[in-house]
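Peer 1: Each chain, letter by letter, is given below.
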Amino acid sequence: MKRTIICSALVFLLGCSEEKSSEQLLKFEISAKYSVNLSHVGLSSMRAFHIALVETEPNLFLIFNPFSRTIDSLLIDGEHTKVTQGIEIPFEGPNGVESFNYFIPFRNHFIFLDHNSVYLPDSGDLRRVDFSRFPLLRNENLEDITRGNSLADGFDFLDYKNSKIYLIFESFTNNQKQLVSYDISKNEVELINLDLIKEMEKHIITYNDAGIKVENPYHPFLKVEDNFLIISYPFSNKFHLYHLLEKEQINLEPKSKLFKNEKSLPDKNWDNSSFINYMEISNAWQDDIKFGSFFKLGSSLYYRIINGGKEDENSNNFIEVFDLDFNKLGETDLSKIHSDLGDNFLPIGSKIFVKAKTQSDEDILDFYLISIDKN
Amino acid sequence: MKKIFCVFVLSMVSFIALPCAGTWNACGAQDIQDMVQDAITNCGPGSNFVIVDLCDDNHEYHVRVRAIQ
Numbered sequence: 001m002k003r004t005i006i007c008s009a010l011v012f013l014l015g016c017s018e019e020k021s022s023e024q025l026l027k028f029e030i031s032a033k034y035s036v037n038l039s040h041v042g043l044s045s046m047r048a049f050h051i052a053l054v055e056t057e058p059n060l061f062l063i064f065n066p067f068s069r070t071i072d073s074l075l076i077d078g079e080h081t082k083v084t085q086g087i088e089i090p091f092e093g094p095n096g097v098e099s100f101n102y103f104i105p106f107r108n109h110f111i112f113l114d115h116n117s118v119y120l121p122d123s124g125d126l127r128r129v130d131f132s133r134f135p136l137l138r139n140e141n142l143e144d145i146t147r148g149n150s151l152a153d154g155f156d157f158l159d160y161k162n163s164k165i166y167l168i169f170e171s172f173t174n175n176q177k178q179l180v181s182y183d184i185s186k187n188e189v190e191l192i193n194l195d196l197i198k199e200m201e202k203h204i205i206t207y208n209d210a211g212i213k214v215e216n217p218y219h220p221f222l223k224v225e226d227n228f229l230i231i232s233y234p235f236s237n238k239f240h241l242y243h244l245l246e247k248e249q250i251n252l253e254p255k256s257k258l259f260k261n262e263k264s265l266p267d268k269n270w271d272n273s274s275f276i277n278y279m280e281i282s283n284a285w286q287d288d289i290k291f292g293s294f295f296k297l298g299s300s301l302y303y304r305i306i307n308g309g310k311e312d313e314n315s316n317n318f319i320e321v322f323d324l325d326f327n328k329l330g331e332t333d334l335s336k337i338h339s340d341l342g343d344n345f346l347p348i349g350s351k352i353f354v355k356a357k358t359q360s361d362e363d364i365l366d367f368y369l370i371s372i373d374k375n
Numbered sequence: 001m002k003k004i005f006c007v008f009v010l011s012m013v014s015f016i017a018l019p020c021a022g023t024w025n026a027c028g029a030q031d032i033q034d035m036v037q038d039a040i041t042n043c044g045p046g047s048n049f050v051i052v053d054l055c056d057d058n059h060e061y062h063v064r065v066r067a068i069q
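Here the protein sequences line up with chains A and B, keeping their order.
The numbering used here puts the first sequence at residues 1 to 375.
The numbering used here puts the second sequence at residues 1 to 69.
Simulated from the structure, these hints should not be mistaken for laboratory data.
In this text, a Cβ means the ideal position worked out from N, Cα and C, and glycines have one as well.
Do not take every clue at face value.
[What the hints assert, rightly or not] So the derived list for chain B, only partly shown, Cβ under 7 Å to chain A, looks like this:
{"no.": "1", "residue": "Ala-21"}
{"no.": "2", "residue": "Gln-30"}
{"no.": "3", "residue": "Asp-34"}
{"no.": "4", "residue": "Asn-42"}
{"no.": "5", "residue": "Gly-44"}
{"no.": "6", "residue": "Asn-48"}
{"no.": "7", "residue": "Cys-55"}
{"no.": "8", "residue": "His-59"}
{"no.": "9", "residue": "Val-63"}
{"no.": "10", "residue": "Arg-66"}
[Said to hold, decoys possible] Per label pair, the in silico range of CB-to-CB distance:
{"no.": "11", "chain 1": "B", "residue 1": "Gly-44", "chain 2": "A", "residue 2": "Leu-324", "range": "21 to 27 Å"}
{"no.": "12", "chain 1": "B", "residue 1": "Thr-41", "chain 2": "A", "residue 2": "Thr-173", "range": "19 to 25 Å"}
{"no.": "13", "chain 1": "B", "residue 1": "Thr-41", "chain 2": "A", "residue 2": "Leu-324", "range": "18 to 24 Å"}
{"no.": "14", "chain 1": "A", "residue 1": "Ile-276", "chain 2": "B", "residue 2": "Thr-41", "range": "30 to 36 Å"}
{"no.": "15", "chain 1": "B", "residue 1": "Gly-44", "chain 2": "A", "residue 2": "Gln-85", "range": "31 to 37 Å"}
{"no.": "16", "chain 1": "B", "residue 1": "Thr-41", "chain 2": "A", "residue 2": "Trp-270", "range": "23 to 29 Å"}
{"no.": "17", "chain 1": "A", "residue 1": "Pro-94", "chain 2": "B", "residue 2": "Gly-44", "range": "30 to 36 Å"}
{"no.": "18", "chain 1": "A", "residue 1": "Ser-300", "chain 2": "B", "residue 2": "Thr-41", "range": "51 to 57 Å"}
{"no.": "19", "chain 1": "B", "residue 1": "Thr-41", "chain 2": "A", "residue 2": "Ile-250", "range": "43 to 49 Å"}
{"no.": "20", "chain 1": "B", "residue 1": "Thr-41", "chain 2": "A", "residue 2": "Leu-245", "range": "30 to 36 Å"}
{"no.": "21", "chain 1": "A", "residue 1": "Asp-323", "chain 2": "B", "residue 2": "Gly-44", "range": "45 to 51 Å"}
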């Protein structure tokens, strides 16, 4: 009989002053540990996976296997979980992609993104679209696609129904950020007016040397949903919803009783000719609280994970849970419920997959499933 | 441990023979510094990649080289 751990947290509905407050009970249930053998595909449980989520198959993760250069499938089914090797992505040739940051399934193949291009399936091959060739972006010096979204969390940049991609571009010279849509069918880009929070500038830590720039991972997260976008930040509790049809931006700032609202600002008094000094400042900022990206859970909830940061060498993971209107239903400290939960929490249908903090062997993936119920 | 060893071997490879894009693994402060210096010397304009320090809590370094205008 599986042993489960249940924690009931009495939480209050938190939100802005015009919202009605009420009490709701959230129940978090953590399964026993499951394990799946990875040896036949050559993945390692000791490395963070490079993942894409599959909207049409919620129990499936796609994992880019760097050892075989294949896109493998991890089907989560409790004790019957299995991993299968998938198609190879050549390094070069008509189907090749030398290097990419994100991928997502599309039309029986995949779309790939690197730092300034998208690779689209086209009559059996991959066609590269270099965004620097679009005058609308080039004229604004918008050179690069930002790397806010974690490779291990997947990046939902595709509006599948309308064949549009949404990305945030940035300029090298002034850190200007611009939300952009790319229409795959029309091969057109459009700039979208989105106001990012001013505090972002204060969280940028930069080292410059001989035309090269090294920065900390402050960039915003972006997620495409049906008819709206979610834009959030790793350093702040604030986030935005952008409704694509109405072209309307909504700004939200859910409060917490468990963790602070923002990372501490970096120490700007440092020797910017010293890379060692830069590393110390940037790493201290990275070790502070971190807000994860948003995920949809089942058909009725959203959540995000907040890592509390290094305090006394602990790094607790909190979860915020929202309804479909992004009213905050509650929060809890998952690390207090179970001490073996790792750092990657991904939606699997109506449950959350999380790697175990302690992996028994690099050829074995140990994980848990978290269920959230509300009364 | 063989796959972890392979990761570390990859991290020691100079940028001279490899494209300056994607995500690269490193181990420790000296390795990071060496890779950034390597990028200054060898990465072309418009290069954009992330270095992850596997030996220090996966701290990230986002490296960008100015594109030629």
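Peer 1: Name the hints, by number, that the structure is in violation of.
Peer 2: Violated: hints 2, 3, 4, 5, 7, 11, 13, 14, 17, 20.
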